[in-house]
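Participant: Chains as they are written, first to last, in my numbering: chain C, 286 to 625; chain P, 638 to 860.
These are computed hints drawn from the structure, not numbers from a lab. Because the structure is a prediction, the values reported are computed rather than measured. Accuracy of the hints is not assured; some may be wrong.
Stated by the list, open to error - Calculated Cβ distances over 10 angstroms to all of chain P for the following chain C residues:
1. ASN380
2. VAL393
3. LEU426
4. GLU474
5. THR528
6. VAL597
Unchecked claim - Derived pair list, reagent style EDC-like, types lysine to aspartate or glutamate, alpha-carbon separation capped at 20 angstroms:
7. LYS293/C with ASP353/C
8. LYS601/C with ASP613/C
9. LYS760/P with ASP613/C
10. LYS352/C with GLU340/C
11. LYS760/P with GLU340/C
12. LYS855/P with GLU451/C
13. LYS693/P with ASP613/C
14. LYS760/P with GLU451/C
15. LYS368/C with GLU474/C
16. LYS360/C with GLU764/P
17. LYS367/C with GLU764/P
18. LYS382/C with GLU764/P
19. LYS856/P with ASP386/C
20. LYS686/P with GLU340/C
21. LYS368/C with GLU764/P
22. LYS855/P with ASP759/P
23. LYS382/C with ASP759/P
24. LYS470/C with GLU451/C
25. LYS382/C with GLU757/P
Idealized CB from N, CA, C, for every residue including glycine.
Letter by letter, the chains look like this.
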Amino acid sequence: MIEFQNVKKVYQTKKQTVEALKGINLTVEKGDIFGVVGYSGAGKSTLIRLVNLLEHPSDGQVIVGGKDLTKLNPKELRAEKKKIGMIFQHFNLLNSKTVFDNIAMPLVLSGTPSKEIKERVGELLEFVGLSSKARSYPEQLSGGQKQRIGIARALATNPSILLCDEATSALDPQTTSAVLQLLKKINKEYNITILLITHEMSVIREICNKVAVMEGGRVVEQGSVFEVFAKPQTDIAKNFVRTVIHDEIPQSFLKNIGSYIPIIWKINFIGTTSGNPLLSTISKKFDVHLSVLSANISEIQETPFGNLIIEVTGNKQEVDKAYQYIKDEGILVQEVQING
Amino acid sequence: MGNTLWGMEITADQLSTAFGDTLYMVAISLIFSGLIGLPLGILLVITRKGHILENKWIFNVLNPVINILRSVPFIILLVALIPFTRMIVGSAIGTNAAIVPLIFYAAPYIARLVENSLLEVDKGIIEAAQAMGATTWQIIYRFLIPEGLSSLILTFTTATIGLVGSTAMAGAVGAGGVGDLALAYGYQRFDTMTMVVTVAALVIIVQLLQSTGNFVSKKIRRR
Numbered sequence: 286m287i288e289f290q291n292v293k294k295v296y297q298t299k300k301q302t303v304e305a306l307k308g309i310n311l312t313v314e315k316g317d318i319f320g321v322v323g324y325s326g327a328g329k330s331t332l333i334r335l336v337n338l339l340e341h342p343s344d345g346q347v348i349v350g351g352k353d354l355t356k357l358n359p360k361e362l363r364a365e366k367k368k369i370g371m372i373f374q375h376f377n378l379l380n381s382k383t384v385f386d387n388i389a390m391p392l393v394l395s396g397t398p399s400k401e402i403k404e405r406v407g408e409l410l411e412f413v414g415l416s417s418k419a420r421s422y423p424e425q426l427s428g429g430q431k432q433r434i435g436i437a438r439a440l441a442t443n444p445s446i447l448l449c450d451e452a453t454s455a456l457d458p459q460t461t462s463a464v465l466q467l468l469k470k471i472n473k474e475y476n477i478t479i480l481l482i483t484h485e486m487s488v489i490r491e492i493c494n495k496v497a498v499m500e501g502g503r504v505v506e507q508g509s510v511f512e513v514f515a516k517p518q519t520d521i522a523k524n525f526v527r528t529v530i531h532d533e534i535p536q537s538f539l540k541n542i543g544s545y546i547p548i549i550w551k552i553n554f555i556g557t558t559s560g561n562p563l564l565s566t567i568s569k570k571f572d573v574h575l576s577v578l579s580a581n582i583s584e585i586q587e588t589p590f591g592n593l594i595i596e597v598t599g600n601k602q603e604v605d606k607a608y609q610y611i612k613d614e615g616i617l618v619q620e621v622q623i624n625g
Numbered sequence: 638m639g640n641t642l643w644g645m646e647i648t649a650d651q652l653s654t655a656f657g658d659t660l661y662m663v664a665i666s667l668i669f670s671g672l673i674g675l676p677l678g679i680l681l682v683i684t685r686k687g688h689i690l691e692n693k694w695i696f697n698v699l700n701p702v703i704n705i706l707r708s709v710p711f712i713i714l715l716v717a718l719i720p721f722t723r724m725i726v727g728s729a730i731g732t733n734a735a736i737v738p739l740i741f742y743a744a745p746y747i748a749r750l751v752e753n754s755l756l757e758v759d760k761g762i763i764e765a766a767q768a769m770g771a772t773t774w775q776i777i778y779r780f781l782i783p784e785g786l787s788s789l790i791l792t793f794t795t796a797t798i799g800l801v802g803s804t805a806m807a808g809a810v811g812a813g814g815v816g817d818l819a820l821a822y823g824y825q826r827f828d829t830m831t832m833v834v835t836v837a838a839l840v841i842i843v844q845l846l847q848s849t850g851n852f853v854s855k856k857i858r859r860r
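This is chain P alone, in the form it adopts within the complex (with noise of 0.2 angstroms):
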């Protein structure tokens, strides 16, 4: 036994890993599913009716696509893709075994979020920038993303902290993290100090981000 702490049945080592897993889970499968996310999220918006890349096969395929991901349980997908994170990763057990649902997870669920970001760019700035003979590339980076940005930074943040929630059904497969932490030792032991601690550890890690979120997005937003 290590060093115990206030009286919990988990050490502070125990704890200070299932942070950094956590962590690392949540900033490994944001940066995929962010990749992945934000594209099919900007191209959901460009190729709807009267956008500037129409595409009703695109739309059409993607949309619900993206919809029938969303509509899966978490924890359902996390045993549906055992074989598909194995052949990715070596191991259906383990942290690198939870990323890959969780950026299935995520990945759909931050396009749908950046598709409604983008679609609050004023159709007006499109206009101007296809007066302005703008490609469709350039409308993309120098129009609809600067100024969807405030609220992409807040798409971001609702993404991070959803993607924390989940990390704590990954304990399923092994994934460890501050959530697995909780339902292993305190909900199932009923080590009400455990508990209380790796919640209360759970709600400092969210409030951080949500106030970081909104603090960038009024940055960027001057108004």
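Bound-form chain C, shown alone (with noise of 0.2 angstroms):
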């Protein structure tokens, strides 16, 4: 649905030549809610301007629904606009123009009938709840009200991509939820794919199938929310994941445990595997002792997942086997190392 092919974006000012995006390769699947997380100043910015051409690539493609945008003429691209749906961090809505007036503007713009309009117009305002405030005017909004008024105007021309320009990142915690949630409903009830960027690693687990960490202008990491929720690779996504799973080995521990170096595993969980029968089957099966020091269960995608890092105590050859053991279960288990 969208791809990125090499993409790079440098910006030339007298002084001197920023590279804001140094050669990225993305494909966002048609269907997928896709978050790109990353924190100020690492391109996700850049990068989501350069699917409507808000920004145009320096190098590389972008392919959005099988055409390159920058090979149009005008007129092909503001069709191939109006099939891309963007929403923005400060809503962007006109202060000049009520609510119903704003929702109707992609419509007015495309020369649709009046009477077209004022339908589409009523159905988005149903769908996003706010029939009420079709008469008011932006400033009379809540920002979450604002918010849902600048998805509706985003979907009134039936795009097949949503394009989240820190979307939430004005709202508070609540309003947030109630945002993504509405996203979601919109992946699902009408099929539109969702690019993403935020520097809250909290929205990409809330909604997001996949994952693209971005730091310097590059991708450092990407792939299933799961996966690199549960095995972050770079740094930078470890950072991230840590923002919302807490899963550090309590400092109180590793300041006991002097020259003796314990074994510690990380297990992580995906779905109704639940920790507690899995725990106690190893102990009775092994000659272990298992003691929990952190454990937490959150959920990503409405899918439990839970964390939990545990010390083993034993002989090798039964820590070993136990290894092995919650391996062959299918269950994700890594060994902890302790520096220092």
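Using the hints, build the complex out of the two chains.
Facilitator: Below, the structure is given as structure tokens:
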């Protein structure tokens, strides 16, 4: 649906050249909710703007729905843009127009008859749950309501792609959650592919199925959300995962170990597999002692995602057997190295 | 001598004619300088770097030209333009003759004010318009102007008041008007009452314009 092929973006100023993107390769499949996460300055904002040509790539290609938009003439490009909706961090609604007129804008621009506009806007208002606000002005609405209007406006022309530029970053946690659920509903009910950028890993956890982590103009890690949450490879990905899943070994434990090197395992459960039967099975089956250092269960895409850190004691043979057993059960287990 | 008013050397007729002349000059020059200044102001905004019609040639020519015109004092412009004025209206003296330099004076001023008003429009709104696939023209009249309208109203209020002030100087070419009366009778012939009445009249005109402008602008802003 959206394909970045070795995309580079260079900003040239008199004094310096800034390489915002240094060769991006990404593929967003149809139906994905694809999240790009990174700190500010990582290039994610430039990345999302390349999709609807708010920014032009300096090198490489961005293929959207099978087409390279840079090769289209202005008229064809405008037609393609109507298939790509976009919502913004600061909503970017027209303060001088009513909610109704804001949502109607993309339809007015393409010359839709007013009767049709009225119907479509009515539908959209209902979908975002703000039918009563049609005659209000944006400044009379809360942030969450403004973003719903932004969403309704983005959906007006029945796009197949929705771009979300830090869409929840200006909202409080509760409102964020409500807006994210709305995005999920859009993805499911209308089968709209969503590409979102954010600096909040919790957003990724809540609705994305795929994630790419960006740093310094590059994608440093990408994969399914489960993969990245369970086994982040890079330091930055680990940092991001840590913001939502607390799986650190308690400091107090580390302080007390002295010169002794404990065996510590990190176990991830996905879905309905529950932790406790596994632990009790192991301690019955093998001659090992287990003590839980840290445990928590969070939800990723409405699926429980358990995180368990245990210390294992026992003779090496038994420990290895237990490790193999967990692996054979199809559960993700990793040995944690303690440095110093 | 007609019937004098409040011991002034001027008659009520003279005063009302002067009023009419002032309004006429302000109205006509406002219309024309608006017709010239508004598009120029829009051009100054959209041709600047990073905007929807970025064009460094247009911007780099327009920008200094407007500055040069704005730095010429009105009284100099008035005299310098005499040959041109004669060509356009057939005479270099009178109310109509004053309108030509007034337009030259106000148009670049309005262009600059329009530019400032439209630069206030949030860039994000333009970005949203571009994302929707709006044409350049649609961005201007469906996004830029409606969003800047409240500020544009204040801009035109300021420009109108500026024109009221400039018409007083237009008396130098025999343009008439309230300001001319104040200068010719009040200032040069030491008629204090005429001075007071004409200045009071100008104050009232300016106040009315400003209050109307503020009211309309506020109505549109809805904040």
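Participant: Hint by hint, note whether the structure agrees.
Facilitator: Hint check results:
no. : hint                   : verdict
1   : ASN380                 : 7 angstroms, violated
2   : VAL393                 : 7 angstroms, violated
3   : LEU426                 : 13 angstroms, holds
4   : GLU474                 : 22 angstroms, holds
5   : THR528                 : 27 angstroms, holds
6   : VAL597                 : 54 angstroms, holds
7   : LYS293/C with ASP353/C : 15 angstroms, holds
8   : LYS601/C with ASP613/C : 18 angstroms, holds
9   : LYS760/P with ASP613/C : 56 angstroms, violated
10  : LYS352/C with GLU340/C : 16 angstroms, holds
11  : LYS760/P with GLU340/C : 14 angstroms, holds
12  : LYS855/P with GLU451/C : 32 angstroms, violated
13  : LYS693/P with ASP613/C : 67 angstroms, violated
14  : LYS760/P with GLU451/C : 16 angstroms, holds
15  : LYS368/C with GLU474/C : 17 angstroms, holds
16  : LYS360/C with GLU764/P : 18 angstroms, holds
17  : LYS367/C with GLU764/P : 14 angstroms, holds
18  : LYS382/C with GLU764/P : 17 angstroms, holds
19  : LYS856/P with ASP386/C : 18 angstroms, holds
20  : LYS686/P with GLU340/C : 14 angstroms, holds
21  : LYS368/C with GLU764/P : 16 angstroms, holds
22  : LYS855/P with ASP759/P : 18 angstroms, holds
23  : LYS382/C with ASP759/P : 14 angstroms, holds
24  : LYS470/C with GLU451/C : 18 angstroms, holds
25  : LYS382/C with GLU757/P : 17 angstroms, holds
In summary, the numbered hints that this structure violates are 1, 2, 9, 12 and 13.
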